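> Line order of the protein sequences matches chains A and Y. Position 209 (the first sequence) corresponds to 209 in this note's numbering; numbering is contiguous. Quick note, this note's numbering runs 270 ahead of the 1-based positions in the second sequence.
If you are wondering where the hints come from, they were derived from the structure by calculation, not from laboratory data. Keep in mind that this is a model prediction, so the values were computed, not measured. Please note that the accuracy of each hint is not assured.
[Stated by the list, open to error] Chain A regions said to be covered by chain Y (calculated; three or more residues, Cβ under 8 Å):
hint : region
1    : 36 to 48
2    : 193 to 204
[Unchecked claim] Facing chain Y, a subset of chain A residues (Cβ under 8 Å, in silico):
hint : residue
3    : Pro21
4    : Leu114
5    : Arg207
[Unchecked claim] Residues of chain A placed beyond 10 Å of chain Y at every Cβ, according to the derived structure:
hint : residue
6    : Arg3
7    : Pro81
8    : Leu85
9    : Val113
10   : Leu121
11   : Leu133
12   : Gln159
13   : Tyr219
14   : Ala225
15   : Gln235
By construction, the Cβ of each residue, glycine as well, lies at the ideal position given by its N, Cα and C atoms.
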Amino acid sequence: VHRSDRLALSHLWVAFGFFVPAVVLGAWQMLMRSPLPAPLDDPDAYYASVTLHGTVMAYVVTTFFAMGFGYAVAATSLGRPVRGLIAAWIGFAICLIGTLMAAAAVLSGRASVLYTFYPPLLASRWYYVGFFLLVGGSMIWVVLMIVNMMSWKNENPGQSVPLAMFAVTATALLWAWSASGVLLELVGIIFPAAFGATTQIDAGLARTLFSVTLHGIVYFWLMPAYIAFYTLVPQAAGGRLYSDTIGRLTFIMFLVVSVPVGMHHLLVDP
Amino acid sequence: MMIVIVATGIAHALHPPSNVETTDPVRLHLRGEFAESNLGTALEPDGSATVRLIAQQYSFVPNCALVPADTPVKFRLTSPDTIHGFLLGGTNVNTMVVPGFVSEVHTRFAAPGDYRMPCHEFCGFGHQGMWARVTVMAHDQFPKLTSLERTSCAPQ
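Modelling step: build the complete structure from the supplied sequences, incorporating the hints.
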C-alpha cells in the first residue's frame, strides 16, 4: 500500500503545486482589470495569464487531483496496492511533461488563446501538444481504474465493489467521454492547422466537438467531492450512508446525464 | 420527471436564440448581404428594422447603429475572422458571432437611449477595446435620416 501512497501523493503534489501559482495569477488578473494598481502592468501578459490560469484550474489541477484521488480510493477501498503501478507512473510522467510543455508555451507568450482555445485563433503547437499529452496521458488512469475494479470483482465473486471504487470508475468513464471531444478537436482540426497542413479552421465544427468536453468536464471536477460526500463524510461522521444502492444509482445517473449535457452550449450559441 | 424535462425542453426551450445559417467568412466583403453598402440599419416594408453588422478583430462595422424605438428590430451579424460576442447591456440581446455562421437576434426597444455593445467573447489581444454602441431614437424621427446617417451616430 505504501507504494500506492507515493503514487497518489505525487499526483496531489503536482495538482496543488500548480494550483497555488494559478491562484496568484487569478488575483493579479483581478488587479489588472480593476482601478487598483497592478504590479507588472502589461496588457499582453494579461491574456497569457488568463490562459495559464484557465488551463491549470480547468485541466491540470483537476486531472491530477482526480487521478491521485482515484489511486488513493483504489488502494484504500479495495484494501490492496494499485494494480498496474508502472503504467500509472508512465501516465503520470506523460501528463506532467504535457503540462510543462503547455505551461512553457503560454509563459513564452505564444499561446494566449484561453483554455477553451477559441478557434480559429491559433497558438503555439507546443501548447496543443502539451495539452494533448496531459489529457491523453490521463486515459491510462481511466484504463487502470477499470482494470482495478474488474480484477477485484473477478477475485471476489459475489461481492459488490465498494461504493467509493464504483464511483471512481464512473468518474473515469465520465472523463473518458468528456475528454473525447477536445481530443477529437485537437487531432482533427487544431493539429492540422497548428502544424500548417490547413490554413482555415471550421469554427462551428470545433465548437461542436468542444461542447462534448465543455460541460462534462465540470462534472469531472465535482466527482471527487461527491465521492467524498457519499463515502468519506458518512464514515467521518461516525455513521454510514443511508442507502448504498441509491449511492450507486447516483453515480450511474451522473454518467448517463454527462453524455448529452454539453449539447446546450450549442443551443444557446449559434 | 426526466420525461417531463425532456418533453418541455424539446417543445419550448430547444432552440438557439439565433438561426443556424452558414456563410463563407472569407468572401463577406465581395458580395451579398454583408457587403459594405448593406451594413447598418435598413427599414423593411413591414415597418420593422434590420441591422446588419460585421464583428471583426477588433471592431464592429459600423461601430454604431441607430434603430427606431418601439419597433421590431432584427440584428444579423457575422464574422470574417474569429469568434466574437454581441451583447447589449440591460437587454436580452446576447449571442456569439462565429465565423461561417450568421447570428440573428430579435428584440424591441421600448424607449430611446444608448446601449453599449461590447464584444464579450475573447477574440485576441485587442478584445478588451472592442465595443460599439446602439442608439435608439424615437420612431417618428427615424425615417428622416439618410442612409449615410443611419450607419453612423453623432459623436458623444
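> Next step is simple, just say for each hint if it's right about the structure.
Tested hints:
Interface restraint, the region 36 to 48 of chain A with chain Y: holds (3 residues with C-beta to C-beta distance below 8 Å; minimum three). Counting residues of the region 193 to 204 of chain A whose CB lies closer than 8 Å to any CB of chain Y gives 4, which reaches the minimum of 3, so the coverage claim holds. Hint status for A:Pro21: violated, given a least beta-carbon distance of 21 Å to chain Y, over 8 Å. Nearest Cβ of chain Y to the Cβ of A:Leu114: about 5 Å, under the 8 Å cut. The hint holds.
The restraint placing A:Arg207 at the interface with chain Y holds, with a minimum CB-CB distance near 7 Å, inside the 8 Å limit. With a minimum CB-CB distance of about 44 Å to chain Y, A:Arg3 clears the 10 Å threshold, and the non-interface call stands. A cut-off of 10 Å between C-beta atoms confirms that A:Pro81 is not in contact with chain Y; the least separation is 40 Å. No Cβ of chain Y comes within 10 Å of the Cβ of A:Leu85; the nearest lies about 41 Å off, and the non-interface call holds.
Not every CB of chain Y lies more than 10 Å from the CB of A:Val113, the least distance being 8 Å, so the non-interface label is violated. For A:Leu121, the requirement that its beta carbon stay farther than 10 Å from each beta carbon of chain Y is not met, with the minimum near 5 Å. The beta carbon of A:Leu133 is kept farther than 10 Å from every beta carbon of chain Y, the shortest such distance being approximately 24 Å. Every Cβ of chain Y is farther than 10 Å from the Cβ of A:Gln159; the closest lies at roughly 31 Å, confirming the non-interface assignment.
Every CB of chain Y is more than 10 Å from the CB of A:Tyr219 (nearest about 17 Å), matching its label as outside the interface. For A:Ala225, the non-interface assignment is confirmed: its Cβ lies about 24 Å from the closest Cβ of chain Y, beyond the 10 Å cut-off. Listed as outside the interface, A:Gln235 is consistent with that label: its C-beta sits roughly 31 Å from the nearest C-beta of chain Y, beyond the 10 Å cut-off.
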